[in-house]
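Participant: Please take these sequences and the hints and turn them into a complete structure.
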Amino acid sequence: MEIPYTVTARPDTGLYSAKIGIWLFLASEFMLFGGLFSAYVFLRVGALPGYWPHGLLNVPVGTMNTALLISSSVTVVLAWAALKMRQFTQYKVWMGLTILLGAAFLTVKLSYEWPAKFHHFGAFIKPESLAKYEPYLGNNFLLARGLPPRVEITGDLEDEASLKDTAAKSYVFKALDAVNADPANPEMERPAFWPRPVVEKRVVVDKADVEYASMFYPRHSTFFSTYFLITGLHALHILGGLVVFTYFWLPVGANLYKRNPEHLANRVEVVGLYWHFVDLVWIFVFSAFYLL
Amino acid sequence: MEPAPGQTHAPSPDAAHQVGRHVKGYLLVGLGLLGCMGLTVWLSFVNFGPPSINIAVVLVLAAFQAGCAAAIFMHLKSEQWTIYRVLLVTLLFVICMFGLTALAFNDRLHLN
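The listed protein sequences correspond, in order, to chains A and X. Residue 220 in the numbering used here sits at position 220 of the first sequence, with consecutive numbering throughout. To convert, take the position in the second sequence, counting from 1, and add 292; that gives the numbering used here.
The set of hints was computed from the structure by calculation and includes no laboratory data. Note that the structure is a prediction, hence the values are computed from the model and not measured. Misleading hints may appear alongside valid ones.
Unchecked claim - 30 Å max Cα-Cα, derived DSBU-like pairs, lysine-lysine:
1) K92/A x K316/X
2) K258/A x K316/X
3) K369/X x K92/A
Facilitator: What follows is the structure in C-alpha cells.
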C-alpha cells in the first residue's frame, strides 16, 4: 500500500504528512521541556539563600558545546539544501559533519563534563556550625556587603573511598575550590569565565557539623538534580537525532535518493526540524545553568 | 549519484535556484548566532549591579537566538497556518504551566 502525502503536500494543510507529524511531536516536546523549565524556575526562586550555587559549571566547555550545536544546525540545513539542489555528494559531506559535531557534543558532555562533577565533593554545613568554618565560608565579609551567605565547602577529597567508611568522623579535603580557599576576596563574589583552579589546602570538616555531603551527583542538591535531569534528557535527544542522521547517511539514504530524492529531502527536513529544536532547547539550558 | 539533467526527479531550475539563494543566508545566520552566543557569554559576566539585570540581558539574548534559529532554520518565518495554530496552542499551554508555577510560588510565600 502506498502511503499518501510522503512527498507532496496534502491539499487541506499544505503540508506533507511527516511535517505535520514532526510539528505535533515538537509541540509535545515544547511542553515537556517547558514543564521542566518552569520547575527549574520554581526551585531556583524558592531556594534558601546560599543553596543555589553559581559558578560550579565549566563555562568555556559549555560555550564550546553551544558552538558545536549551533554549527551542527547550520550543517544540517545545508545538507537539506544540498538534497533540494540534487547534490548528493554535498549532502553526504554536510550530514557527515552534522553527525561529527553532534557526537563531539555528546562526547564532551559524557566523557568530561559529567565525570568531572562525579569527582568533585561538597559539604553543606549545618546553620549552627557555620561560624566554626568561617575561614572557608567568609560569611562575616558577605554579611557586611549585604550578600547571601555561603553554606557549602567544595573541593577535592583526599580519599574518595572514605565516603563509604561509616566509622569515619570527618571529611578530609586535599584541595578547596578557590571560593572556599579565599572566601573574603571580593573577586569571589561573582563567578569567572575561566574556572578558578582548586587550591591545595588540607581541611578537615567534622561530619557532626555537616547537614549533607556527597560528590556532585544528582542527589547532591536541587541544583544538580535539575542540572542532570535536564542535560541528561537533552543528551538523550541528541543521541536520538544522531541515530536518525546516521541512518540517513548510510546506504539507506542513497537508496531512497535513487528512488525519489524529494522523499529523502523531506525526511532530512523533518529530522532537521527536530535537531533545530534540540539546539534551541540547549540555548536556554546553557543560559539558565551555566551563565545565570 | 547526481541525477542527469532531464531526469524525472531532478529539481526544477527555479526550485534549485530558490534553495541555492538561501544557502548564503543560512551561513550568515549561523555566524550571527555564534557571535550572539559570544556576546551573551560576555555580557553575563559584566557587572551591571543587581543580578536581575544580567538575568534579563541573558534571557533576552537567548530568546533572540532561539527566535532566529526558529525563524530561519526551521522556516517558521514562512510556514503554513496549520503549524502556527499548533504552536499557538502549545504556547498557551506552556504559559499556563509557568503561570501555575508562579501561583504556587506566591501561595507558598503567602502561607509563610
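Participant: Against each hint, give a clear statement of whether it holds in the structure.
Facilitator: Against the structure, the hints come out as follows:
1. Note on K92/A and K316/X: the hinted pairing holds, with a Cα-Cα distance of about 19 Å set against a maximum of 30 Å.
2. For the hint pairing K258/A with K316/X, the CA-to-CA distance comes to about 27 Å; that is within 30 Å, so the pair holds.
3. Annotation: proposed proximity of K369/X to K92/A holds, straight-line Cα distance about 27 Å (limit 30 Å).
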